[in-house]
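Engineer: As you go down the protein sequences, you meet chains A and B in turn.
If you read the first sequence in my numbering, its first letter stands for residue 1, the second for the next number, and so on.
If you read the second sequence in my numbering, its first letter stands for residue 1, the second for the next number, and so on.
Warning: the hint list may mix true and false statements.
No more than 25 angstroms apart at the CA atoms, straight line, and that leaves these computed lysine-lysine pairs for DSS-like [said to hold, decoys possible]:
| no. | chain 1 | residue 1 | chain 2 | residue 2 |
| --- | --- | --- | --- | --- |
| 1 | A | K370 | A | K388 |
| 2 | B | K14 | A | K266 |
| 3 | A | K317 | A | K338 |
| 4 | A | K388 | A | K346 |
| 5 | A | K119 | B | K14 |
| 6 | A | K364 | A | K379 |
If we take Cβ atoms under 8 angstroms as the criterion, some of the chain B residues that face chain A in the derived model are [what the hints assert, rightly or not]:
| no. | residue |
| --- | --- |
| 7 | L5 |
| 8 | L6 |
| 9 | G33 |
| 10 | E35 |
| 11 | L46 |
| 12 | F47 |
Keep in mind the hints are simulated off the structure, nothing from the lab.
We put the beta carbon where it would ideally sit given N, CA and C, even for glycine.
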Amino acid sequence: MSEVANLYQERLDRVFKAFNLEQPDRVPVLGTYGSWCAEFAGYTDAETNWDIEKGGKAMMKVASEIPLDMVHNYFGRPGGVYQALGSKAFHYLSDSTVAQYSDEHAQIMTADEYPEFAKDPFRFLVEKILPRKYAELAKPSPIKDLAFAKGAMKFGMFGAQSGGIVGALATQYGMPMLFDGVILHPMDWIADFFRGIKNAFMDIRRCPNDFLAAIEAFTPLIIRLGMGQALMTPPRQYPKVLELPIHLPTMLKTSDFDKFFWPAFKTIMEFFASQNINVVPIYEGDWSRYYDHLQELPAKKSMGWFEYGDPKVIKEKLKDIMCISGLYPATLLQFGTKEECIAKAKELVDILAPGGGYVFGTDKELITGKAENIIAVNKFVMEYGVYK
Amino acid sequence: MEEQLLISWSDIVKEHPELADKDPAMAMSWDIGQEMIFAYVTFLALF
């Protein structure tokens, strides 16, 4: 094998050993870089969303200049798709900011529509959600049909181009990409994008049965979406990996978590485990209330990307269930000194590395940060995190 | 009667009973065009 191919294989082996709760040669370093990639390459987030070539160049710069074992995903979004369809939700506050979420724009479904949604969620997406989210899809045929086709073309191009970036990272830099696709929990999806978060919390009180029925009806579609993405990517030696960002649970009462979140989450996790597909839930917030729940997940089939929490407790409670990642504060990389950054990395490696099953990563995707800090921390982890 | 928008695995099995014992994941690769449209529509509902 060529030097680059060897490097690619070494990095894959290192990360997937940790995934399998084994001890690799050293702690793997995962690049969890979002729109920071654009910043690092001198672009705005918007530029890379509309010009994927710039997004690709940004990824290449990261792969060639930042010491890493793997990048988590391609950070760009398909701005052209949203533009072609007249998205009302995809917007920027200014040229220099990242794409913004608006809870107001997410409120596109009423509470009395839950039964219709639950009856046939896919039909509801096509007939109700999309025309409300996209101005062009609310117009009469054939205008809306042409817009839908134009968006699909751009969506396909985005898939092909981002797939090309994955290939270029592998063949030119020996840099693997972790995620083969992304899914969401149905509760988060409905709350964040159809009802709005404020409304969803009212629904929990006012129409809990309808809300729950919608979550249950949406779950098979989430599984289908994940399977479709896993099957569309080329076969490989190691299991496919899906990203699952999680939003609402730490804002819920535990009884509501048990009722609205946990059953569908467990179903999703067990299904993908049965298909030998690994899932990386991004446990946003402090999940310490739920560690006992997480002990019920299939062993060696997921990597928990934690935002907050006591690393000692996480290690103690979950080391036999899942690979552990995250917890390194992204804000420190932006505001800390090099010494402070390295001290924090040492603290986490000392607690989480022993015995394996740990991948070094930040608590959240990086939007901004000092490159010199990122490089210093990653180098440190690669040298200090060698298993003896 | 409403026209069906998505073909379910059970409908595929009705047409192809020889697949009844196979993994439902086969439905995903049975008609990849349908799966791509499915992925496109669901992703549009995402942001």
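Engineer: Compare the structure with each hint and give your call.
Structural biologist: Status of the hints after comparison with the structure:
1. A:K370 <-> A:K388: violated (31 angstroms)
2. B:K14 <-> A:K266: Status violated; Cα separation ~30 angstroms.
3. A:K317 <-> A:K338: Outside the cut-off at roughly 31 angstroms; violated.
4. A:K388 <-> A:K346: holds (16 angstroms)
5. A:K119 <-> B:K14: holds (22 angstroms)
6. A:K364 <-> A:K379: The given pair, whose Cα atoms are some 20 angstroms apart, holds under the 25 angstroms limit.
7. L5: Nearest chain A Cβ about 6 angstroms off; hint holds.
8. L6: Result: holds, 5 angstroms to nearest chain A Cβ.
9. G33: The hint is violated - G33 of chain B has no Cβ within 8 angstroms of chain A, the shortest such distance being about 11 angstroms.
10. E35: At about 4 angstroms, which falls below the 8 angstroms cut-off, the nearest Cβ of chain A leaves the hint on E35 of chain B intact, so it holds.
11. L46: holds (6 angstroms)
12. F47: This interface hint holds because 6 angstroms falls under the 8 angstroms limit.
Hint compliance for this structure: hints 1, 2, 3 and 9 are broken, all remaining hints hold.
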